[in-house]
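Heads up: the sequence lines are chains A and B, in that order. Every number in the numbering used here is 77 more than the matching position in the first sequence, counting from 1. Every number in the numbering used here is 77 more than the matching position in the second sequence, counting from 1.
Bear in mind the hints are in silico, worked out from the structure with no lab data behind them. There may be inaccurate statements among the hints.
The list cannot tell twin chains apart, which means a pair is met if one copy fits it or any two copies do.
[Claimed, not checked] Think about it this way: if two alpha-carbon atoms lie no more than 30 Å apart in a straight line, the pair counts; the simulated DSS-like pairs of lysine-lysine are: (1) K386 <-> K402; (2) K86 <-> K337; (3) K337 <-> K402; (4) K337 <-> K482; (5) K480 <-> K337; (6) K479 <-> K157; (7) K206 <-> K479; (8) K488 <-> K86; (9) K333 <-> K157; (10) K157 <-> K480; (11) K86 <-> K257; (12) K333 <-> K243; (13) K106 <-> K243; (14) K337 <-> K157; (15) K479 <-> K257; (16) K106 <-> K206; (17) K206 <-> K82; (18) K482 <-> K157; (19) K276 <-> K106; (20) K82 <-> K157; (21) K276 <-> K479.
It should be emphasised that the depicted structure is a prediction, and the values quoted were computed from it without experimental measurement.
Each chain is listed here by its residues.
Protein chains: 2
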Amino acid sequence: MSEKKIPYKIYLSEDEMPRAWYNLRADMKVKPAPLLSPATGAPMTAQELEGVFCTELVAQELDNDTAFFAIPQEIRDFYKMYRPSPLVRAYCLEEQLQTPAKIYYKFEGNNTSGSHKLNSAIAQAYYAKKQGLQGVTTETGAGQWGTALSMACGYLGLDCKVYMVKCSYEQKPFRREVMKVYGASVTPSPSDTTNVGRKILAEFPGTTGSLGCAISEAVEVAVNTPGYRYVLGSVLNQVMLHQSIIGLESKIALDKYGVKPDIIIGCAGGGSNLGGLIAPFMGEKLRGEADYRIIAVEPASCPSFTRGKFAYDFCDTGMVCPLAKMYTLGSSFMPSADHAGGLRFHGMSPVLSQLYHDGYMEAVSVNQTDVFQVAEQFARVEGILPAPESSHAILAAVNEAKKCKETGEEKTILFGLTGTGYFDLVAYERFHNGGMSSIIPTDEEIARSLAQLPQVD
Amino acid sequence: MSEKKIPYKIYLSEDEMPRAWYNLRADMKVKPAPLLSPATGAPMTAQELEGVFCTELVAQELDNDTAFFAIPQEIRDFYKMYRPSPLVRAYCLEEQLQTPAKIYYKFEGNNTSGSHKLNSAIAQAYYAKKQGLQGVTTETGAGQWGTALSMACGYLGLDCKVYMVKCSYEQKPFRREVMKVYGASVTPSPSDTTNVGRKILAEFPGTTGSLGCAISEAVEVAVNTPGYRYVLGSVLNQVMLHQSIIGLESKIALDKYGVKPDIIIGCAGGGSNLGGLIAPFMGEKLRGEADYRIIAVEPASCPSFTRGKFAYDFCDTGMVCPLAKMYTLGSSFMPSADHAGGLRFHGMSPVLSQLYHDGYMEAVSVNQTDVFQVAEQFARVEGILPAPESSHAILAAVNEAKKCKETGEEKTILFGLTGTGYFDLVAYERFHNGGMSSIIPTDEEIARSLAQLPQVD
């Protein structure tokens, strides 16, 4: 088909939208390692997990074989409110770069939560509602996930208790207000509503909290309150499953125009966006039907793929959650204050970790100041103010497009633009004022936290 | 065509997008009255206007006869970055209201400026660039217009000087930062960069500024700096022309599905969104080809249509701009602190004023607390956090839909959802805290400011 016919934005019609999520694990020769009980060291059973998570989500979590899960009609209806997200041909960026590369991005920011997180939030809230639960609990740091979950729960009439890291609660009052618009209760963590919160407050009276502590509070409330379960926005296999909607829509849109990407790029924190974007493409690669270069982009301040270790580790700093086998910097690793809050996680999705370990994908790390520079460049030519997280992917895509300029290769690049930066303007302000730095952990720091990895067989 | 086939969101393809703006004035039997010179009281000539505005925009401003203006290819390309905006069938809202009415809204918030203002900003910046100018100046209060203009200028490489009312500059640092991302210079007004600014600062050292003062500063800089002109985001005829893209897209989308609205609703401050949304529908009405109920919704705190007078008045509180014949509360009218900043204007588009005067449209005023209540209800079922301005239209649409429920009539309602509320969360917070009120001016207050209208034959 003629190149000229590709529009700036490709929207699928409702008929073209995916009706099933794709479970990448079904096509993996080496499956991701199971979650282990922190108490016994044995694989977590469905029964153990169901104390914390919704029953149907546990089934999704443990299922390494079923390739497609039908998306329930109610979720598909919700998706229609803000999906399909546009697949954008970055004509303006290409022109600015004077590159022969063809650049596409899948933009997930056109919803009030401002990111792709809503794709899994509605699924998790739906299964909680279906199970007859009264509500769900969760934690949020920067606030994207908490906002997304609040929207999903507000829509379904489900109670939503969000534990928000206290410093974010105070510094990001707007995120907090959006959650309240959607009817969520938002509690600054640590709080006196839980045992763990009270204990930490007694020990560190002035603490502004941490994600690890907020997770522990949310889990405690879920486990001890009848009719409640805990939900999580990244890392888990079930989240990768729900987020496959990103890649499936992208592939349908590209296939319509006969376009096949050479390189697929996504930012990687816990891996939910990257895992979703690459899912159907990686499936083809695993089945030997096609080949793609797949690149994970992480911040140099928190480089779990590029400088971490593939090992069992705790998912939370509080060490109460199950152990996952993943690329990790150690659960005691404290990343420097990086404004891409969504990428400040010491570990990585077990699915993506296994794929990276087996050589199916690459990873690069980039510096924060370079990220903000390219974010601003992108905003001016493509009109979208990107989230700092998403801008990691932009930078890698721009770098690949520049290589094409040097070599003259007309490669097709697809990257994930996970969200908008409307709630990240404090970071943009710091960038404008020259107060932003790129702090990279020393080898010693990483070695120190890796030395504390739990001993598993 | 079967009702069932209407999708949640209708997107036009690039081929279907309008190629010309529609000039409503061409079909008006009684044309809007001309702008008058504040110095001589005579109609402003093109030559006089060209000292302030770009030449081609002056031509558009004064042309009451040409029905269609071709949209230059460069502007159409820019439109493709964020248009077509979706026409949404509000299935979820209809279900919640249990109304037989069919509700559609045209959503203009899916761009980084967060509102419809970008439609005219790119047009005005384009003509400035085409004229070989170096830059443009403008004022901004709440910040939507300043952001939109910054985006357009950033894209075209045009210098952009924004005078931002000082209290907004300080209270809305995020709006300010977005403008900086796009390369604009943002000056808190009053400033020491202009004569009028220095004069006001000397007189009122602690002042936090006003829109009237910011306009005066922006105009002064434009008039006195070679290669610069002043641009404005509402009220003017040229702005109505550019914003007709909203209504044209809406009509093409509805026509595709054989849908004809019975009622068309828009919020009205200066009138740019309402004028744009209704343009092609009002055209049919003026030509006697169809009939529509058209409703302008204004805040009870600033009720220019419903309690103002149709008379010549200054557009700015500084009384330096031309006189326009419009519905006005008097240029000295000070609306109470209402959070729908975009609707706090004492006057109204001369085009819309004439149409209202001639009985072609209706107007209602609504209370702020009711507006925020419906905004929150809308956010929960439709997933979009609306701007306070836009929520005035939501309230009127919901009220009409409730009437349909009572009467059983299956009316089709179209309203304009002009933007998102991401930068209005201070107002939402006040609403949640119970600190919001609906202050309505007394008859005496309005009479007092109307008594100061300029004497024009």
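A quick look at each hint next to the structure:
For the homomeric pair K386 and K402, the shortest alpha-carbon distance inside one copy (10 Å) is at most 30 Å, but the shortest distance between copies (73 Å) is not. For a Cα distance limit of 30 Å, the shortest separation of K86 from K337 qualifies both inside one copy, at 16 Å, and across copies, at 27 Å. Taking the closest pair of Cα atoms, K337 and K402 never come within 30 Å of each other, the shortest separation being 32 Å inside a single copy and 58 Å across copies. Taking the closest pair of Cα atoms, K337 and K482 come within 30 Å of each other only inside a single copy of the chain (19 Å); across copies the shortest separation is 51 Å, beyond that limit.
In the homo-oligomer, the alpha carbons of K480 and K337 lie at most 30 Å apart inside one protomer (19 Å), although the nearest pairing across protomers, at 52 Å, exceeds that limit. When the C-alpha separation of K479 and K157 is checked against a cutoff of 30 Å, the pair qualifies only between copies, where the shortest distance is 25 Å, while the shortest distance within a copy is 36 Å. Proximity of K206 to K479 under the C-alpha cut-off of 30 Å is restricted to the inter-copy arrangement: shortest distance 29 Å between copies versus 48 Å within a copy. In this assembly of identical chains, the alpha carbons of K488 and K86 lie at most 30 Å apart only when taken from the same copy (19 Å versus 33 Å across copies).
For a Cα distance limit of 30 Å, the shortest separation of K333 from K157 qualifies both inside one copy, at 20 Å, and across copies, at 19 Å. Within a single copy, K157 and K480 get their C-alpha atoms only as close as 38 Å, which misses the 30 Å cut-off; across copies the closest is 28 Å, which meets it. Taking the shortest Cα distances, K86 and K257 sit within 30 Å of each other only across copies (27 Å), while inside one copy they are farther apart (33 Å). Taking the shortest Cα distances, K333 and K243 never come within 30 Å of each other, neither inside one copy (47 Å) nor across copies (51 Å).
Taking the shortest Cα distances, K106 and K243 never come within 30 Å of each other, neither inside one copy (43 Å) nor across copies (62 Å). In the homo-oligomer, the alpha carbons of K337 and K157 lie at most 30 Å apart both inside one protomer (26 Å) and across protomers (23 Å), since each shortest distance falls under that limit. Only between protomers do K479 and K257 lie at most 30 Å apart by alpha-carbon distance; the minimum there is 26 Å, versus 44 Å within a single protomer. With identical chains, the CA atoms of K106 and K206 are never at most 30 Å apart, being 34 Å at best within one copy and 58 Å at best between copies.
In this homomeric assembly, K206 and K82 come within 30 Å of each other (Cα to Cα) only across copies, at 29 Å, whereas the closest approach inside a single copy is 44 Å. For a Cα distance limit of 30 Å, the shortest separation of K482 from K157 across copies, 25 Å, qualifies, whereas the shortest one inside one copy, 39 Å, does not. Taking the closest pair of Cα atoms, K276 and K106 never come within 30 Å of each other, the shortest separation being 45 Å inside a single copy and 76 Å across copies. In this assembly of identical chains, the alpha carbons of K82 and K157 lie at most 30 Å apart whether taken from the same copy (26 Å) or from different copies (14 Å).
For a Cα distance limit of 30 Å, the shortest separation of K276 from K479 qualifies neither inside one copy, at 53 Å, nor across copies, at 52 Å.
The earlier numbered hints that this structure contradicts are 3, 12, 13, 16, 19 and 21.
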